[in-house]
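Just so you know, the protein sequences line up as chains P and V, in that order.
Last residue of the first sequence: number 583 in the working numbering, and the count goes up by one each step with no gaps.
Last residue of the second sequence: number 948 in the working numbering, and the count goes up by one each step with no gaps.
For the record, the hints were derived by calculation from the structure and aren't laboratory data.
Cβ coordinates follow ideal geometry from the N, Cα and C atoms, glycine included.
Treat each hint with caution, since some may be false.
[What the hints assert, rightly or not] Here are the simulated lysine-lysine pairs, DSS-like style, with alpha carbons at most 27 Å apart: (1) P:Lys399 <-> P:Lys386; (2) V:Lys736 <-> V:Lys654; (3) P:Lys501 <-> V:Lys654; (4) V:Lys738 <-> V:Lys868; (5) V:Lys654 <-> P:Lys193; (6) P:Lys423 <-> P:Lys399.
[Unchecked claim] Which chain V residues stay away from chain P? Per the calculated CB distances, all over 12 Å, these: (7) Ile607; (8) Arg614; (9) Tyr616; (10) Leu623; (11) Leu651; (12) Val679; (13) Ile752; (14) Ile884; (15) Leu927.
Chain by chain, the residues:
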Amino acid sequence: MRRTRKKERLKSVFVEDKMYKKSMYTIMGLLVIVSMLLTACGAKETAVETPLATEAPAATEPPAGPVSIIIGVTDQIASLDPADAYSTHDWELIRNTGRTLLRWNPGTSDLVPDMATGMPEISEDGLTYTFTLKDDIKFGDGLALTAPMFAEQLTRLLTIGPSCPNDVADALAIPYVESITAPDDTTIVFQLKAAIAYFPQLVATAPYTPAHPDTFLTSECVLFPSAPVYGVGTWFISQFTQNEQIVLEPNTFYTGDLTPQVDQIIIRYFSDPQTLALAVQNGEVDIAWRFLGPQLITELESTEGLTVGTVNGGAIRFLVFNHDMPPMDDPNVLKAIASVIDRDAISDSVYSGTVSPLYSQNPPGFLGATEVFDTMYQSPNIDGAKAFLADSGYNETNKCVLDLWYPPEHYGAETSAWMEIIKQQLEATGVFTVNLTAQEWSTYVPALTGGNAYQGGVLGWFFDYPDASNYFDPFVYNGGMGTDVALAAEGSTFGEAINEKAQQLLDLLSAADVETDLAAREALYEQAGEVYADLVVTLPLFFQAEHVTYRSNINGSSAFGSPETLNIGGNVEFTYSMLTKEP
Amino acid sequence: MTPIGLIFCIVGVPFLILLVYIMITGSTGLRRYIITRIGLTLPMVFIMGSMVFFIMHVLPGDPITSALGPKATPEIVENIRESLGLNEPLIVQYGVFLKNMITLDFGNSLVGGHRPIIDEMSERFPATLELVIPAAILALMIGIIGGTFAAAKRKTARDYSLRIYSVIIYSLPIFWFGLMLQLLFGVVLGWFPISGRIDPVIGTTLEHVTNIYSIDAFISRNWLALYSVIRHLVLPTLTLGLILSGVFLRMTRINVIETLQTDYIAAARARGIREHAVVYQHALKNAMIPVITLIGLQVAILLAGAVLTETIFSWPGMGSYLVLRISARDYNAVQSVITMFALLVAFISLAVDIIYSLLDPRVKY
Numbered sequence: 001m002r003r004t005r006k007k008e009r010l011k012s013v014f015v016e017d018k019m020y021k022k023s024m025y026t027i028m029g030l031l032v033i034v035s036m037l038l039t040a041c042g043a044k045e046t047a048v049e050t051p052l053a054t055e056a057p058a059a060t061e062p063p064a065g066p067v068s069i070i071i072g073v074t075d076q077i078a079s080l081d082p083a084d085a086y087s088t089h090d091w092e093l094i095r096n097t098g099r100t101l102l103r104w105n106p107g108t109s110d111l112v113p114d115m116a117t118g119m120p121e122i123s124e125d126g127l128t129y130t131f132t133l134k135d136d137i138k139f140g141d142g143l144a145l146t147a148p149m150f151a152e153q154l155t156r157l158l159t160i161g162p163s164c165p166n167d168v169a170d171a172l173a174i175p176y177v178e179s180i181t182a183p184d185d186t187t188i189v190f191q192l193k194a195a196i197a198y199f200p201q202l203v204a205t206a207p208y209t210p211a212h213p214d215t216f217l218t219s220e221c222v223l224f225p226s227a228p229v230y231g232v233g234t235w236f237i238s239q240f241t242q243n244e245q246i247v248l249e250p251n252t253f254y255t256g257d258l259t260p261q262v263d264q265i266i267i268r269y270f271s272d273p274q275t276l277a278l279a280v281q282n283g284e285v286d287i288a289w290r291f292l293g294p295q296l297i298t299e300l301e302s303t304e305g306l307t308v309g310t311v312n313g314g315a316i317r318f319l320v321f322n323h324d325m326p327p328m329d330d331p332n333v334l335k336a337i338a339s340v341i342d343r344d345a346i347s348d349s350v351y352s353g354t355v356s357p358l359y360s361q362n363p364p365g366f367l368g369a370t371e372v373f374d375t376m377y378q379s380p381n382i383d384g385a386k387a388f389l390a391d392s393g394y395n396e397t398n399k400c401v402l403d404l405w406y407p408p409e410h411y412g413a414e415t416s417a418w419m420e421i422i423k424q425q426l427e428a429t430g431v432f433t434v435n436l437t438a439q440e441w442s443t444y445v446p447a448l449t450g451g452n453a454y455q456g457g458v459l460g461w462f463f464d465y466p467d468a469s470n471y472f473d474p475f476v477y478n479g480g481m482g483t484d485v486a487l488a489a490e491g492s493t494f495g496e497a498i499n500e501k502a503q504q505l506l507d508l509l510s511a512a513d514v515e516t517d518l519a520a521r522e523a524l525y526e527q528a529g530e531v532y533a534d535l536v537v538t539l540p541l542f543f544q545a546e547h548v549t550y551r552s553n554i555n556g557s558s559a560f561g562s563p564e565t566l567n568i569g570g571n572v573e574f575t576y577s578m579l580t581k582e583p
Numbered sequence: 584m585t586p587i588g589l590i591f592c593i594v595g596v597p598f599l600i601l602l603v604y605i606m607i608t609g610s611t612g613l614r615r616y617i618i619t620r621i622g623l624t625l626p627m628v629f630i631m632g633s634m635v636f637f638i639m640h641v642l643p644g645d646p647i648t649s650a651l652g653p654k655a656t657p658e659i660v661e662n663i664r665e666s667l668g669l670n671e672p673l674i675v676q677y678g679v680f681l682k683n684m685i686t687l688d689f690g691n692s693l694v695g696g697h698r699p700i701i702d703e704m705s706e707r708f709p710a711t712l713e714l715v716i717p718a719a720i721l722a723l724m725i726g727i728i729g730g731t732f733a734a735a736k737r738k739t740a741r742d743y744s745l746r747i748y749s750v751i752i753y754s755l756p757i758f759w760f761g762l763m764l765q766l767l768f769g770v771v772l773g774w775f776p777i778s779g780r781i782d783p784v785i786g787t788t789l790e791h792v793t794n795i796y797s798i799d800a801f802i803s804r805n806w807l808a809l810y811s812v813i814r815h816l817v818l819p820t821l822t823l824g825l826i827l828s829g830v831f832l833r834m835t836r837i838n839v840i841e842t843l844q845t846d847y848i849a850a851a852r853a854r855g856i857r858e859h860a861v862v863y864q865h866a867l868k869n870a871m872i873p874v875i876t877l878i879g880l881q882v883a884i885l886l887a888g889a890v891l892t893e894t895i896f897s898w899p900g901m902g903s904y905l906v907l908r909i910s911a912r913d914y915n916a917v918q919s920v921i922t923m924f925a926l927l928v929a930f931i932s933l934a935v936d937i938i939y940s941l942l943d944p945r946v947k948y
């Protein structure tokens, strides 16, 4: 009897246990489902998030809030000090929070007065530039900008600039500017070391932006000032969370013509381009800006609700040859290489057509740009190449051996693919043998540009100021980034004909540097381009467009140029105040 | 006080109090063991730091040339190298590094704005903690509950399913798994955000105290921010937590199965104790002891997983910082992060060993 009772008790325990477990599982399952639903499909987390920002169904109508535009980038901030910053992204922030005496109109390369009342007065000798400052320029905290204050800030660029980590001063100020003075409250005078015709372009760059005297002290570089950071531009930096985001809000004291159209611009920093591409797809960012690779761009182009704007910017890729090292000291070899390279093959097979073949050292849109390499060499022209090589005694049995170098990662993982194509194209002539070698970037750069280690290699270039001189001069003057062409002018190693051409090139570029008449300057660059191509100082390959991807409710301004690329023009200047956002 | 200092106070001070308590009240053997372990930890960190120092300096690449590119003249490069002490002989640089390591002064970054590394770590370390703690909890929950359940249902379809799950999930590449979660829950379904720690707009309303956003949101009673932080945590936590859950699941299952075959479990069953209680109250407790050891060992894997997870989800933590700085050849930053990771793993292992001794009375030191 007792045994039966115990058995029944145990049975009931097991039955209870099973029921207990079942009910526990049911409750847990329900809890999981409910919490998932609440988290995923609940009310949107922000009142100010864009309607497109998530595809989750909104349970409640969001109350009104500030209109924000979120821009995603994979760049990083290296410095916010105008006397130090020397990267495209840093400049973008400085230019949007500051103003310069002259500026490029959004979406164009037209230089117009901004803080100056007009274009500068230039002295007879071209050494003195005098600007008159508008009298209503104020920082975001209401501090009025006077010419003496501005002159002091620009002098700061000359004095402490060279000791700052990114050292923009040694590139864009010290070589050109002797002194900056302010004889009165509205006049700024630049005294130059030598006459240069492109000085107006230089003063339109970020280093020539007035910095707030209380934030950017005259005695030290201030790379990461605490927010708020006030400039005289359309925006001020209201918040700055390192590595995450920077928040810009309108400068209420701004009196220019680029008035902000939204309440906030938030720049978000991404570590992975793939994540940035997904973020613009699902609406976490409104605009995906620099950099998405060609494959991601191709994917996004076919995504509904997104527009990919192509900005034909100034990033070029080219081959640098050391004219002082055999066999590159033989003009026929260089001309043969120039005759062989099929740029379309590189563009199509490696970049899916997202880069454009380049036939002059200065890309289209720049002064004096022509397709001179195409005209001169009509590449791919195998027979022409063989003829050049035959003149120097090279043939199928006596092949010309080339050693070409490249950095495997710095210009994108695609570099090795297109260098392999170049090798194949050259070797297809039957007269070239090409040895390709990859070298880590920091070892590669000094070896190539030092001019005594490599026969030839790949280099990329992006202008500091949008002028043809910035594409020619660095590759001709001094060591010419390893081309050693200037040596030819001195007659060190080249034959007489080459010496003459190199000297001619130097003369043309020197003349163009000081020529203020635009038409005459253009003619000089056209002539220089021809001599440059004849010498094959470098071999331009392609220029890489920048891509801006944005959601359908984001628009640029039709009052300025290039609204389809959100008013980002060939000089790759992104003016945030052009942006509008539809509800 | 910096956020990293605050976190040290929150986590480190209780740990130190526990250590002091054990040193006062613990057995002589335990005291000796702890002293030995701490004594071994310091040379381990020293050896690790030295190895990283020499490997980074032997590898080709120079942070200054790498950062400045072709536009910088040799004079500029030389000036910067000199100002950062990179022109000194390697042995002198090593001496400086050792001195800095002892004083926990990590120096300045060699690239970008040359910021103090302690500042950069202060900003990023809390983000890593915010990711790895919930991921570890998730991994443990799935691992322990799933492993125990699989053991209890041994050789049934549910057991096989969980075993297959554990093998598959542990062998998935973390970057691929993260990407799939992003595509499914972020892009296709639109349920969860795929990047960052908080909605950018809500982020502007958050007051930064500890830089652990969930805590900051909680203490400032910013519930909207807290909700946003939790939403942003879901996918990275799932990625890291699920991947790690596989190994915990298998380990727990094996240990519970072994424990279920012991005599005292048979005795418990004979006394008519419910199977649920036998498994979850009697067997699991004893099976957990080796699992706790595993937790200590998995911290290193957790941090390694965080490196990839942070990169995929643009999570601004120590992992993504490490990746960024390795590619820039920023010796100082890489050395500092690895030293920090080594210290963290060493002290968590120590903590686990101490807990182990407290949990299992059979363990004598």
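Quiz prompt | Violated hints - listed by number, lowest first | solution = 2, 11
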